[in-house]
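**Student:** Sequence:
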Amino acid sequence: MVVTAHMDADEVHAVLAALTDAGCRAWIGGGWGVDALVGHQTRTHRDLDLAIAAEQEAAALSALGRLGYVVETDWRPVRVEVAADGRGRVDLHPLTFDEAGDGHQAGLDGGSFRWPKGCFTTGTIAGRRVDCISVNQQLLFHSGYEPRDVDRADLAWLHRLAARPAPGDERRP
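Residues 63 to 235 (our numbering) are what the sequence shown spells out, left to right.
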């Protein structure tokens, strides 16, 4: 399948609504996750990266299928990417949650990535509140590889956000 569209904010909200209607919770990562933390769109996006509970993966894929998305890359249990021509791509990252609320994602090498409970936060896309991944977790995920231009742009925003004083912090930048 050749997917020619970029993911726009309306499509992000359509995907999130379909997942919510199917009883699936999703946290936005990647470029759209950075934009959610910033509070506005900073660049165009090829896809929408979502962390979901592994036990909701089938329901999520079914919901996305109703929107016209079909599996394009299947590296389960690590990730599965679906695409819809004219709409874009959604990259699902299934997490298994432990009793403490930490998420664990399988790695391609047989290991796993830890998503600490505190990394799940909220942001804003096109004026709507969304669940997303924290600045620190995004910085962690942007390490360990040679960044592309879009990654460098995301990292610049993340570093700006990380340098901001926390709410209630009396220090001035």
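There's no promise every hint is true.
To be verified - Derived Cβ-Cβ restraints for the label pairs, each shown as a range:
{"#": "1", "residue 1": "Thr135", "residue 2": "Pro227", "range": "34 to 44 Å"}
{"#": "2", "residue 1": "Arg222", "residue 2": "Asp136", "range": "31 to 41 Å"}
{"#": "3", "residue 1": "Thr184", "residue 2": "Ala215", "range": "34 to 44 Å"}
{"#": "4", "residue 1": "Val140", "residue 2": "Pro178", "range": "17 to 27 Å"}
{"#": "5", "residue 1": "Ala225", "residue 2": "Val132", "range": "38 to 48 Å"}
These are computed hints drawn from the structure, not numbers from a lab. Cβ atoms here follow ideal geometry from the backbone N, Cα and C, with glycine treated the same way.
**Student:** Now, for every hint given, state plainly whether the structure supports it.
**Tutor:** For each hint, the structure was consulted:
For the hinted restraint 34 to 44 Å between Thr135 and Pro227, the CB-CB distance of approximately 40 Å keeps it satisfied. Take Arg222 and Asp136: their Cβ atoms lie about 36 Å apart, and the range 31 to 41 Å holds. Remark: the range hint 34 to 44 Å for Thr184 to Ala215 is contradicted by a beta-carbon distance near 22 Å. The hint said 17 to 27 Å for the Cβ distance between Val140 and Pro178, and at roughly 19 Å that hint holds.
Taking 38 to 48 Å as the suggested C-beta distance range, the pair Ala225 and Val132 conforms, at roughly 41 Å.
The structure fails to meet hint 3 from the earlier list, while all remaining hints are met.
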